[in-house]
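**Student:** Please build the complex by placing chain F on the supplied structure of chain U, with the hints as guidance.
Line by line, the protein sequences are chains U and F. Using the numbering used here, the first residue of the first sequence is number 3, and each one after it goes up by one. Using the numbering used here, the first residue of the second sequence is number 7, and each one after it goes up by one.
Keep in mind the hints are simulated off the structure, nothing from the lab. Note that CB positions come from ideal geometry on N, CA and C, so glycine has one too. Mixed in with the good hints, there may be bad ones.
[Stated by the list, open to error] Here are some, though not all, of the chain U residues that point toward chain F, as calculated from beta-carbon distances under 8 Å:
1) L36
2) G40
3) H47
4) Q93
5) T152
[As the list claims (entries may be wrong)] From chain F, some residues computed to sit far from chain U (all C-beta separations above 12 Å):
6) L34
7) A85
8) S629
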Amino acid sequence: MKDQHLINVTVNGAEHEVLVESRRTLADVLRHDLGYTGTHLGCEHGICGACTILVDGTPARACLMFGVQADGAEVRTVEGLADGDRLSDLQEAFSRRHGLQCGFCTPGFLMLAEAYLAENPAADKEEIRDVVSSNLCRCTGYQGIVEAITDVAAARREAS
Amino acid sequence: MSGGDGRVTGQRTWVGASVPRKEDPRLLTGRGRFVDDLRQAGALSAAFVRSPLAAAQINAVDLSGVRSVDGVLAAFSAADLGLSGLTALLERAEFTPTTMPILAADRVRYAGEPVAIVVADDPYAAEDGIEQAIVDYSPGRLVTSIGDALAADAPSVHDELRANTFLAVNPFSDDVDEVFAAAECVVRTSLSSQRQNALPLEPRGCLAEWVDRDDQLVVHISSQVPHQVRTALARCLGLRERQVRVIVPDVGGGFGLKCVVGREEIAVAAAALRLRRPVKWIEDRREGLFASFLGREQRHQVRAAFDGDGRILALDADIRCDVGAYSVFPFTSGVEPLMAAAELPGVYQVPRYRARACAIATNKAPTAPYRGVSRPQIVLVMERLMERAARELGLDALVVRRRNLIDTFPYIGVNGITYDPGSYRESLDRCEQRLREEGWFELRDGAADRVIGIGFACFNERTGYGTEAFAQRKMSVVPGYDISEVRMDPGGGVTVTTGTSAHGQGHETTLAQIAADQLGLRPDAVKVRQGDTDQVSYGWGTFASRSAAIGGGAVRLASGKLATRIRVIAAHLLDTDEDNIDLDDGWCRRRDDPDGAVPIAEVAEVAYLRAHRLPKDLDPGLSAQATFDVLTSGTFSNATHGVVAELDPRTGQTRLLRYLVVEDCGVVINPKIVDGQVRGGVAQGIAGALYEQIGYDADGQPTAGSLIDYLVPTAAEIPEIDIEHLETPCAFTETGAKGMGEGGTIGAPAAVLNAVNDALRDTGVELDAVPITPEHVLRALECSR
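Chain U extracted, bound-state conformation (with noise of 0.2 Å):
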């Protein structure tokens, strides 16, 4: 008899209920029993990154977590970034400074410095790159990642 939890999460506004397994990890909940398969698994031990979601506002490692541990959650994740077809300032500046070449440590990267400039606008690029060595990326040397950021800090403080 398999250990099961029924939990409610909330994931980019739709709310879910869904039963399970307590050594589940909240990856493979949102990924496999979910579909938001946007949010990827590059090491699972918590050091690359690519599956850094937002819950509760806060980013968080997805493959860290036990899908137990989200019940009540409200989660953001990469699908929830766009409106509908059109990309978030983020994306469109990812896609401009080509801070994305395989694309699979982005959704990782997008997340996080959705959270990072909602609570520091004012970012510099310096803090930019700081902040981004949480999360790997084998492709890009990282430039085009932090100069999209940088972009994104700089438009938002102007239009604030």
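**Tutor:** Relative to the frame of chain U, chain F by itself:
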């Protein structure tokens, strides 16, 4: 250039424009589809029982406990599957063929070697299953280094190998001893590079399913070489090629690691055939680090003779590559030593050359080509020799380089390679000039309280190897050409197929740019289809930076043929000659009459839906096919990297203050994508120079089991990388483009090592190994105290 669309007045070309990538929207919104994102009803999950020992006899494999685990449906050992293994062949006497079994049968040769496959209804249950496997091993003696492997009493990794050597060649045998005896200056280097993991962020993985309706095994796989996977699957599983369809969805990086065929994927396909159910396997990072394909472990003993002016007279090289336990399909374990020996002279005029090279078997994971293959090492060797000769002769190292750089093209080297015209001198001049103007030399020389060095690396990047160049390697499977088909639908939309297969390089965009120019369309009208063996003619995938140079050439030729057909139809409709028709921005226009025009879409409609309006001798439909091959030694991008490094005397850390790349890859198809390739490549080169290493203990256990131990550099370690382009169009390709995906990785280790050695110039110590660790730096700095 007007706007961002690359339309230059009078030229009208999409090639050369930083067109936004078509790939981006889906990848940015989480709608990309990587293998693990694919869902198949009733799909099962596979996991592998792996050997904990690096060398052992297998006495018995008991999977009965596995099969009784809740959720496990099946478990197979080698005996259960009964498959033949993968044998990669070089057709040369100096090579000894060996077979990599799909699952280890009677012995294991590296820690992590798969012994059994467990299939369960989810990945958690599959992992529960592998814990219940009982394998009876008798541990054996093992070899974990080149030295161990070549010792007189060394145990054999494969019984059929003599002296644990897969391949030993003497491809260049000039009698250089006289030259050395008479030379004014002889310098030596004994240079070593560590084992690395290419580490694509997406691990390997596949989903295999037998589809009755198509009489086909359909395998979705994260790979760079779909057709070679198909060939290997068909051979191993006893199927006809048409009974196997390989589909490559989005791929999260490959860097060479995914250009060979893995045994796990074949075992998964075999399990899917047995069970008649879809089976998926996704490698986890731990498996990826210690049991996947690795690369780079080499040792070079090289001496060079120079005259008193610093001109190189002869080179004598002994190259040994630790390629691990198996020879990989299709490239074989010969790829590293053969490339190193053939290309060692690099950008320098070497009149006499002797080289020996070998691939040594050890009880470690097998190696695959990794971005740059052997060139990071040979550039390290040549650049260290230049520096050392300069030091011995009291000359400036840049002067020594200039005296040796190839300066007339095409140049036929002592190695028999024909070098494409490049900008070897100009790139060095420009790189030095920029760093001088920016004041880095003054900073280095004036900073008494800081330890700063400047390093350069000059190199070329042999890429876009065609069939002839690969044939010289004597693989039984010879890559090279590429085929493209271009088809226009009745609405005027275009589908281009390519045998290349992208894993982040943006082919959907660049190949569309090439086709759009030929067809007078915008790139958004062109859909590029790749990575599906049922939809694309046999092709060679993406490796060795062949896609823009060779794949792009095929696309250009095929779309040019289609454009001709369109012009013939348009001329008929406009009552003129085809030579009088230009294709431009979606229209076929008469050159002699601004009012005479017909939309390309209307031509397409006529070709399919109103074929009665076609010229009498023309068949309906609009498609064309073309093949392109590079008929010479390949294409040669070139570059100079200039690096300023600062050493921290307290911690031994190396910090890079400035990184400049002056590079020439011929015609640039999409500048943004090219710059991205350079930057990403440099980051991997810096990783090899300073951080990443997979070591092994005496028992053959890898010392890096997670990303805690394997130090992938982050945004905090990789500096901004400044790029300046020179443009010498390639003489050997249809597009004028040269392959350029690897240069960043090739040049960075030498440039960084030279910068560190320059910073250590007062210590009397020279470092000759990568990675350069803080311990090495501290020990060197202590020598000056």
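**Student:** Each of the hints needs a verdict: does it hold here or not?
**Tutor:** Against the structure, the hints:
| no. | hint | verdict |
| --- | --- | --- |
| 1 | L36 | violated (12 Å) |
| 2 | G40 | holds (2 Å) |
| 3 | H47 | holds (5 Å) |
| 4 | Q93 | holds (4 Å) |
| 5 | T152 | violated (12 Å) |
| 6 | L34 | violated (4 Å) |
| 7 | A85 | holds (31 Å) |
| 8 | S629 | holds (31 Å) |
Against the hints set out earlier in the document, violations occur for numbers 1, 5 and 6.
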